[in-house]
Amino acid sequence: MTTVARDPVTAADPEPPPTKPAAGPSRHRFRAAVGFAFGAALLFAVAPLMLSDFRLSLLAKYLCVAMVAVGIGLAWGRGGMLALGQGVFFGLGGYAMAMHLKLADAGPGNMPDFMLLYGQLDELPLWWRPFASPWFALPATVLLPMAVAFVLGSLVFRRRVRGAYFAILSQALAAAMVILLIGQQGTTGGTNGLTDIQGFFGYDLDDPVNQRMVYFIIAGTLLALLALTRHLMQSRYGELLVAVRDSEERVRFLGYDPATVKLVAYVVAAGMAGLAGALFVPAVGIISPALIGIVPSIEFVIGVAIGGRATLLGPVLGAVAVAWARTALSERFPGTWTYLQGLLFVVVVAFLPGGLASLIGLARRRDREPADADPPAGLFARLRRRREAA
Amino acid sequence: MTVLIGQLFTGVSIGAVLLLIALGLALTFGQMGVINMAHGEFIMAGAYTTYVLQQTISAAGWSLLVALPVAFVVAGAMGVLLEFLLIRRLYARPLDTLLVTWGVSLILQQLARDIFGSPNVQTRAPDLLTGNIALPGGITVANNRLFILALAASAVVALTVALRVTPLGRRIRAVVQNRDLAAVSGIATARVDRMTFFIGSGLAGIAGVALTLLGPIGPTMGTNLIIDAFLVVVVGGIGQLKGTVIVAFALGVLQASGEYLTTLSVAKVMVFIAIVAFLQWRPQGMFTLRTRSLA
Amino acid sequence: MTEQLHGLYVRDLRVSFDGFTAVDGVSLDVAPGDIRFLIGPNGAGKTTLVDAVTGLVRATGSVRFGDRELLGRPVHRISRLGVGRTFQTSTVFEELTVLQNLDIAAGARRGWATLLRRRHGTPDEVAEALEIIGLASRADQLAGTLAHGQKQWLEIGMLLVQDARLLLLDEPVAGMSHEERDATGQLLEKVSRDRTVVVIEHDMDFLRRFARTVTVLHAGKVLSEGTVAQVQADPRVQEVYLGHPVDAGTAPTPTEA
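Residue numbers (my numbering), protein chains in the order written: chain A, 1 to 390; chain B, 1001 to 1295; chain C, 2001 to 2257.
It cannot be assumed that every hint is accurate.
[Stated by the list, open to error] Distance windows between CB atoms, simulated:
1) Gln1122/B to Glu2095/C: 51 to 59 Å
2) Gly107/A to Leu1261/B: 32 to 40 Å
3) Gln184/A to Arg2068/C: 35 to 43 Å
4) Ala290/A to Pro2074/C: 41 to 49 Å
5) Ala32/A to Arg2109/C: 23 to 31 Å
6) Ala1153/B to Phe351/A: 53 to 61 Å
7) Gly335/A to Leu1168/B: 35 to 43 Å
8) Gln2004/C to Ala147/A: 43 to 51 Å
9) Asn1120/B to Ala290/A: 17 to 25 Å
10) Ala32/A to Lys1242/B: 51 to 59 Å
11) Gly2144/C to Trp324/A: 32 to 40 Å
12) Ala1153/B to Phe150/A: 36 to 44 Å
13) Asp2140/C to Asp207/A: 36 to 44 Å
[Said to hold, decoys possible] A few chain B residues that face chain A, going by a derived Cβ cut-off under 8 Å, partial list only:
14) Ile1035
15) Leu1086
16) Leu1095
17) Asp1096
18) Leu1099
19) Gly1103
20) Ser1265
21) Val1266
22) Leu1279
[Claimed, not checked] Which chain C residues stay away from chain A? Per the calculated CB distances, all over 10 Å, these:
23) Ser2016
24) Gly2019
25) Phe2020
26) Asp2034
27) Asn2042
28) Gly2107
The set of hints was computed from the structure by calculation and includes no laboratory data.
The structure presented is a predicted model; accordingly, all values stated were derived computationally and were not measured.
Idealized CB from N, CA, C, for every residue including glycine.
Make the full structure from the sequences, and use the hints.
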């Protein structure tokens, strides 16, 4: 490309406004490091010291939901894919883990208790067998959901099925999976799911000390996933993902295949949901269809919407807040909670689409750059114009 | 052979229920690009309307007949209210509309629980609709399913005629095909939208009346139906009713035969796979209005 | 520039939508380094022609850029062969900064290893493009906040960093001021030194100043082709634009459509 002597555009645009000094990458990185240190201190020191065993195990459960939310924030907030069926991936991870733990509880060569109870089977079904090995089961908790997301995603994104169509399809997948699980009661535990899980790789889950250990694993995993997501969002890929969200066709004309770009975010989000499901099982001791169907799948989304879909921390805080509010309210006033949940959906999504994070952003922008505000618009400008016209 | 035909008929009657629900969805989704998750609760409203009417008019036959128009108006009015209060503010944000209307559906379900209680309630079917008709060849057909089939058929005919002949129908079709052009041609698109929502939601109310003949009425009865109905719309394509009709019956028959060959749960998964496979072939659905816009 | 110039060769191109034929057997050659203007009344098939070349709509016939056949390839593959386009309504990524817009446009050939890392600083080709399109001072501004004309320049800048060798511009100066048009025209002249440019434009004044060759489309067919003067003198063109045949008695006036 030849360099140009005269700049054709500034000739027509004599007064470019001064650009704000952009925060350098090092400053960003410093702020992020401080943020992570703060988060780690909160999760690893403050929470375990302040909370009772019971509350800490509740927090562990909420943090699992937050992991799913981080993935949804990436896929939906940044990638525009409203994944209404993340429960499927949460469930795949959860069931993979629970199957392994049930087999471990039963001991080598034995069948899980519920299979004996139903008494329909003489021996362990073939597809259960590999889950006896932790070397198979543990990777499967993440890889299985990612594989399912890969197959579904590559089929639908390549054919440009998107927007509402994609949302409905992902939701239909959740519905189908739940019906399948319930239908195959003899091998999946049906409506009850896989319950009464005792041990976690040799540790007794009834022991509060071991429960704390599970909490620490969950907190550490969440922090790691946040670091990964932050990196993805700030990489060139993250910028490309936003571009695909805003104009898929334009990206195509730049020589990218948007299907691949979307697929990566969707598969990563599925992996996070799978990991969350896998860690949910030792924290709560159960995985069942009621935890992964249409309703919980949509509830994963509400926390993300409330916190701020396109931000890193918004989904986490939103998910934890909603899960906490649900526990606090739903036991005492179940009806009130449902009304509140519905209202939250309506009010936040309709009137505050950026979530609570956008409120913070607004406030910050207001006290940082008063001089950079828009030229007087609205009432005063109209009044002045009218006065001038008169 | 008889088993096959019997199964086919079951499939057709599943399809008829799906069709009644999906017609309204196809109308609102096609015209406004709006996904209304509360559509399922309009079905519920229609069903509870039937229940309430039966408490007042004890003759089951009469109460059912009265319920049809009343449920249409009740559900339609709810639809208009929803459109007026929320949906019209969200036309440019279809995915957000989906989430907002999901919130509305949660509220409506809880409202139903508070008014009618959580346990399911049941209506009595009129005697005329409880029996079976024996067809030649040893095939028996349940009267209530036949009635629902007739109801769905009349809904399709009435809607088709209304869209083709009436001035409102012409306006609706104009807005579906090109909203901006319709607006500058002097069509009050906002009013047309509201009427479309009234009709679409009203049809959900009719579907609710029909469902009282098949099973109990409960606050969450709509949730499970709505996804299947949306799949019908997605696969059928928007802008034309024939896609909705064909796909509703096709899915019904597929579901019924899958259920016959395997189990209900496997059939559901089969249907899902079939839909994804179909979208590989026709990602925009079976029939679609083609436009030149880059969307 | 090391890459050599290529021409665009269209043979018997046909596009039809549901029985309506939008492009009906168009053949045209655009020489390497040409600035070809496509004009014609609304519905003549100009945009559809560009859509077909870039793979947005399905077409029959043949479209070659250099010696590569374009028809039958998906949009993003055609783009990677060096074919770039803009749209009638400018489409930039409004939620990204000017710099990010350009960086994305520059990056289609990047591997995943680069994609998954953060961008550090401004890549050379992006900095160069920022200078050329005069948006260097606005590099960190969100593209959505740019003025209309600036967005169109940003789009052209995106084509430059994309290293498109064939630029297809759909009404690039619509809504621009006189000065802005001149600047855009000069930019096109500069760019055509090592690129082939095809412009759809209604603005006849702009066409007279910057077109090297012109193709007139009408009802999906090529009506006339040649230099600006040749095309303006063509009675068939006058008939299409003025709506009546020019008989011998009236003096042929230049078209001002």
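For each hint, the structure was consulted:
Taken as a hint, the range 51 to 59 Å holds for the pair Gln1122/B and Glu2095/C, whose Cβ atoms sit roughly 53 Å apart. The given range of 32 to 40 Å is respected by Gly107/A and Leu1261/B, whose C-beta atoms sit roughly 38 Å from each other. At about 53 Å, the CB distance of Gln184/A to Arg2068/C disagrees with the hint of 35 to 43 Å. Look at Ala290/A against Pro2074/C: about 43 Å separates their beta carbons, and that is inside 41 to 49 Å.
Range check, Ala32/A to Arg2109/C: Cβ separation about 30 Å, and the 23 to 31 Å hint holds. Between Ala1153/B and Phe351/A the beta carbon distance is about 42 Å. The supplied range of 53 to 61 Å is therefore violated. Between Gly335/A and Leu1168/B the beta carbons are some 40 Å apart, a value that agrees with the proposed interval 35 to 43 Å. For the pair Gln2004/C and Ala147/A, the beta carbons lie near 45 Å from each other, so the given range of 43 to 51 Å is met.
Taking the beta carbon of each, Asn1120/B and Ala290/A are about 18 Å apart, inside 17 to 25 Å as hinted. Against the hinted window of 51 to 59 Å, the Cβ-Cβ separation of Ala32/A and Lys1242/B comes to about 55 Å, which satisfies the hint. Hint check: Gly2144/C to Trp324/A, Cβ distance near 36 Å, so the stated range 32 to 40 Å holds. The hinted window of 36 to 44 Å between Ala1153/B and Phe150/A holds, with their beta carbons roughly 43 Å apart.
Taken as a hint, the range 36 to 44 Å is violated for the pair Asp2140/C and Asp207/A, whose Cβ atoms sit roughly 54 Å apart. Checking Ile1035/B against chain A by beta carbon gives a least distance of about 5 Å; that is within 8 Å, so the hint holds. Here the hint on Leu1086/B is kept, as its CB sits about 6 Å from the closest CB of chain A, short of 8 Å. Given the 8 Å rule on beta carbons, the hint for Leu1095/B holds: about 5 Å separates it from the nearest Cβ of chain A.
Satisfaction of the interface hint for Asp1096/B is found here, the shortest Cβ-Cβ separation to chain A being roughly 5 Å, below the 8 Å cut-off. Contact between Leu1099/B and chain A, as hinted, is supported at the beta carbon level, the nearest pair being about 5 Å apart and thus within 8 Å. Hint status for Gly1103/B relative to chain A: holds, with the closest Cβ pair at about 3 Å, below 8 Å. With 8 Å as the threshold, the beta carbon of Ser1265/B comes within range of chain A, its nearest partner Cβ sitting at about 2 Å, so the hint holds.
Checking Val1266/B against chain A by beta carbon gives a least distance of about 7 Å; that is within 8 Å, so the hint holds. A least Cβ separation of about 5 Å between Leu1279/B and chain A falls short of the 8 Å threshold, and the interface hint therefore holds. Distance to chain A confirms Ser2016/C as a non-interface residue, since its nearest Cβ pair spans about 21 Å, more than 10 Å. With a closest Cβ-Cβ approach of about 24 Å to chain A, Gly2019/C is found to remain outside the 10 Å limit, as its non-interface label requires.
With 10 Å as the threshold on Cβ separation, the claim that Phe2020/C sits away from chain A holds: the shortest Cβ distance comes to roughly 22 Å. Annotated as non-interface, Asp2034/C keeps its C-beta farther than 10 Å from every C-beta of chain A; the closest such distance is 18 Å. Separation of Asn2042/C from chain A is adequate, the least Cβ-Cβ distance of about 22 Å exceeding the 10 Å criterion. Gly2107/C, annotated as away from the interface, has a beta carbon of chain A within 10 Å; the closest lies near 6 Å.
Hint check: violations occur at hints 3, 6, 13, 28; the rest are consistent with the structure.
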